[in-house]
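**Q** What follows is each chain in one-letter form.
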Amino acid sequence: MDESHALVVEGLTKIFRQQTAVDHVSFRVARGRFFGFLGPNGAGKSTIIRMLTGLLRPTSGDAVVEGARLSLDLLGVKRRIGVLTEDLALYERLTGEEHLLFAARMHRIQRDEARRRTEELLEFLSLADERSKLVVDYSLGMRKKLALACALVHNPQVLFLDEPLNGIDPVSGRVVMDLLQRLAKKGVTLFFTSHVLDVVERLCDEVAIIDRGRIVAQGSLDQIRSQRALAGDASLEDVFLKLVEADVRRGDLSWIG
Amino acid sequence: MDRLIALVALRWRLDVRAVTGERVRLLALVVAVPGLILLSAAASFVVFAGVRFLESARPELTLSVVSAGTTALGLLWALSPLLAGMALTETYDLNRLLHFPIPLPTLVVSSFLANLLQSTVLALMPPLFFLGLAVAGPGGAMVPVAFGLALALAFVVASGQLVGLALHALSRHRRLHDRLLFVGLALGLLLSFLPLLLMSGAAAPIGRLARELLARDVFVLSPFGWGIRAAVHAGRGEADAFFGFAAAAVLGVGALLALSTSLVERMYRGELDLGEGARESALGRSRVFLKGPVGALLEKDLRMVWRDPRQKAIILSGLVTPLILLVLVWQGSSGHVGPVPLLALASFVGLSTLGTNAFALERRGLPLLLGFPVERVLVLVGKNASALLLRVPAVLMIAAATALLAGFRFVPAVLSILLLTQLLTAAADNYLAVLFPIPVPAPGRSPDAPTSGSRGLGVAFMTMLAMAGALALSSPFAFLAWLPHLLGDHRLWVLTLPLALAGAVGLYGLLTAGASALLMRREPDLLARVLGEE
Numbered sequence: 001m002d003e004s005h006a007l008v009v010e011g012l013t014k015i016f017r018q019q020t021a022v023d024h025v026s027f028r029v030a031r032g033r034f035f036g037f038l039g040p041n042g043a044g045k046s047t048i049i050r051m052l053t054g055l056l057r058p059t060s061g062d063a064v065v066e067g068a069r070l071s072l073d074l075l076g077v078k079r080r081i082g083v084l085t086e087d088l089a090l091y092e093r094l095t096g097e098e099h100l101l102f103a104a105r106m107h108r109i110q111r112d113e114a115r116r117r118t119e120e121l122l123e124f125l126s127l128a129d130e131r132s133k134l135v136v137d138y139s140l141g142m143r144k145k146l147a148l149a150c151a152l153v154h155n156p157q158v159l160f161l162d163e164p165l166n167g168i169d170p171v172s173g174r175v176v177m178d179l180l181q182r183l184a185k186k187g188v189t190l191f192f193t194s195h196v197l198d199v200v201e202r203l204c205d206e207v208a209i210i211d212r213g214r215i216v217a218q219g220s221l222d223q224i225r226s227q228r229a230l231a232g233d234a235s236l237e238d239v240f241l242k243l244v245e246a247d248v249r250r251g252d253l254s255w256i257g
Numbered sequence: 258m259d260r261l262i263a264l265v266a267l268r269w270r271l272d273v274r275a276v277t278g279e280r281v282r283l284l285a286l287v288v289a290v291p292g293l294i295l296l297s298a299a300a301s302f303v304v305f306a307g308v309r310f311l312e313s314a315r316p317e318l319t320l321s322v323v324s325a326g327t328t329a330l331g332l333l334w335a336l337s338p339l340l341a342g343m344a345l346t347e348t349y350d351l352n353r354l355l356h357f358p359i360p361l362p363t364l365v366v367s368s369f370l371a372n373l374l375q376s377t378v379l380a381l382m383p384p385l386f387f388l389g390l391a392v393a394g395p396g397g398a399m400v401p402v403a404f405g406l407a408l409a410l411a412f413v414v415a416s417g418q419l420v421g422l423a424l425h426a427l428s429r430h431r432r433l434h435d436r437l438l439f440v441g442l443a444l445g446l447l448l449s450f451l452p453l454l455l456m457s458g459a460a461a462p463i464g465r466l467a468r469e470l471l472a473r474d475v476f477v478l479s480p481f482g483w484g485i486r487a488a489v490h491a492g493r494g495e496a497d498a499f500f501g502f503a504a505a506a507v508l509g510v511g512a513l514l515a516l517s518t519s520l521v522e523r524m525y526r527g528e529l530d531l532g533e534g535a536r537e538s539a540l541g542r543s544r545v546f547l548k549g550p551v552g553a554l555l556e557k558d559l560r561m562v563w564r565d566p567r568q569k570a571i572i573l574s575g576l577v578t579p580l581i582l583l584v585l586v587w588q589g590s591s592g593h594v595g596p597v598p599l600l601a602l603a604s605f606v607g608l609s610t611l612g613t614n615a616f617a618l619e620r621r622g623l624p625l626l627l628g629f630p631v632e633r634v635l636v637l638v639g640k641n642a643s644a645l646l647l648r649v650p651a652v653l654m655i656a657a658a659t660a661l662l663a664g665f666r667f668v669p670a671v672l673s674i675l676l677l678t679q680l681l682t683a684a685a686d687n688y689l690a691v692l693f694p695i696p697v698p699a700p701g702r703s704p705d706a707p708t709s710g711s712r713g714l715g716v717a718f719m720t721m722l723a724m725a726g727a728l729a730l731s732s733p734f735a736f737l738a739w740l741p742h743l744l745g746d747h748r749l750w751v752l753t754l755p756l757a758l759a760g761a762v763g764l765y766g767l768l769t770a771g772a773s774a775l776l777m778r779r780e781p782d783l784l785a786r787v788l789g790e791e
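Top to bottom, those sequences are chains S and P.
All letters in the first sequence, in the order written, are residues 1 to 257 by our numbering.
All letters in the second sequence, in the order written, are residues 258 to 791 by our numbering.
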């Protein structure tokens, strides 16, 4: 086992009804990295996250998360990770505070410590005033912050974040981004997907770009630029559009103007 | 007119696709259609024969009776989404069409016209036709009769539309939505008791009241009956009365459609947005009562059930079956009930734990639950414990009934049998939950919407098998618990009851460990099945 890598993905493949969604994907993420995972809609990002977090069985391939092998020690993997999924499955008839306390207790955090962490997270994510509201009455941004709090409550070694800033107001977005950067500095590995490429460019040390189920590039932005002989000032958006061979149509609609 | 036709066609196309695209709905329709046809035929016969009889024997009562019938039908029709416990937000949604520059009256009328082709509305046509034949008589004026009947039908459908919209407006206020849903379900449950009530001694006073109301013709005030009254008057050749009631019915339908339009306008302009529910939902600081993940799960489930009107209603309705059985046992025993029927009842209530499904309450929260690194055996124990705790009211009812009907000394034995049957049934149900998970609706849809690929006939067979298995597994322990009574020495209960319970707990542990090992192996497949991602 490679001790310096938090995440080792080996030939991960997922086939849904004879359609290959993820095709022999392999990559490694060093510990404490802010790793951006990019791809167009339907490229396989969420499927890979679901497989890496044990929510979907790979058709073939395996992964090792902080030393725990997915196929052999699923609970071990789940102990080490925090997950913020795109669909934000939350218990709607619990209050925000109850939800967070529940998540902490399910991670076997002692009652007093669970309460302390809950308080701190609610304050930090500006949810303290909404603590006693049912989740069903939360806005999208509040749900996202609560789901993020649940992913953080047990001090995970690897955080999987699927579009974490989507729907969050700019102030909270900045708080969350600062927090994520501090976590990365403390050695937490962040596996991050977002369609907002300038945010990814700003935050991530390394990115992988997936298209039609295959990794088409991986490395720092500079590395990818030099590998693909792209201009030195090309933004991540330029690189991304080039690599996924996006057909960006230009021109007018015939009936407008 | 083009837009109206396009809107009606769109709605019909969507309705047809909703049925043909989902196996469960298609199956429900296939099952429902013969029933609807039979019901419609029976209703046609009753209406025709009844009205003919009234017209010949008691013609002065005809108007009152048909008005009362239509009023009852109209009220049930309008309140049916509430009584069925349907999510109020599902009853009506014009949101997607409001972005188009379509006049609101056109939208409302298109929805009204599309409603006329619903299968339940179509099932009303034959009884109405036969009612027309009955009131028109030979050589009667069929056209004005049909016009009156059409007005009656229009009023019923338009009132359903208005109530649907009102419920949709109310559903924006979550607390009101929850309360209405709970009250509606309770009302539906009470209505289902109506036949029992009528079979009991309450039939006579209800009959007297009904006769009094019919004799005084109070239903002349019900707008549901105006169209029907117009039809009857047309059949009798009473032109003035026909025109009077027909005009009133036309005005009534117009008023309902105008009210619906106004409601849509105000609702979607935000004037009726009663969204204070969020502020009101503040529930105070949360408290932790129990330790560990099992305690956390238990507290979470109890809180969620108590706060979810649908779940709460299901739990309360679970009390009804034992209550009915108790009443039947009581009536059948002419006052003296021996312990054996109570023993059977205890086993029956214990077996009713089957089908609770350890993961049913989780629905889209299942990935969240299984995302926690908690040993799966503890997850199953926690879920079973909450299923058993939610049945405590039924257990207490059986205990009280046993104490009252058979004597206090039978309570420990009856309760032990109930508990051990519940425990082993929950253990058997874990296997069903793991092997035959129930898919949940996709994100964005109502969490309670029906889904395709739910448990089919094969699974129903497996459920029966599991029930037989649970019965077989619990029988030796139940026998052990009951042995002292068979031997006529009740002192032995001190020994046999703890032994029976300990044996059942041991077997439950073994079965649950097996189910948790199965769950560990099948976990990602189970999630894929539940979330419809296979």
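Hints listed in this document are in silico derivations from the structure and should not be mistaken for laboratory results.
A couple of the hints might just be wrong.
Said to hold, decoys possible - Here are a few chain S residues that face chain P, going by a calculated C-beta distance under 10 Å:
no., residue
1, SER172
2, ARG174
3, VAL175
What the hints assert, rightly or not - Every beta carbon over 10 Å from chain S, so not counted as near; a handful from chain P, in silico:
no., residue
4, TRP269
5, VAL287
6, ALA717
Glycine included, C-beta positions come from ideal geometry on N, C-alpha and C.
**Q** Against each hint, give a clear statement of whether it holds in the structure.
**A** These are the hints, each one checked on the structure:
no., hint, in the structure
1, SER172, "violated (18 Å)"
2, ARG174, "violated (25 Å)"
3, VAL175, "violated (22 Å)"
4, TRP269, "holds (30 Å)"
5, VAL287, "holds (26 Å)"
6, ALA717, "holds (26 Å)"
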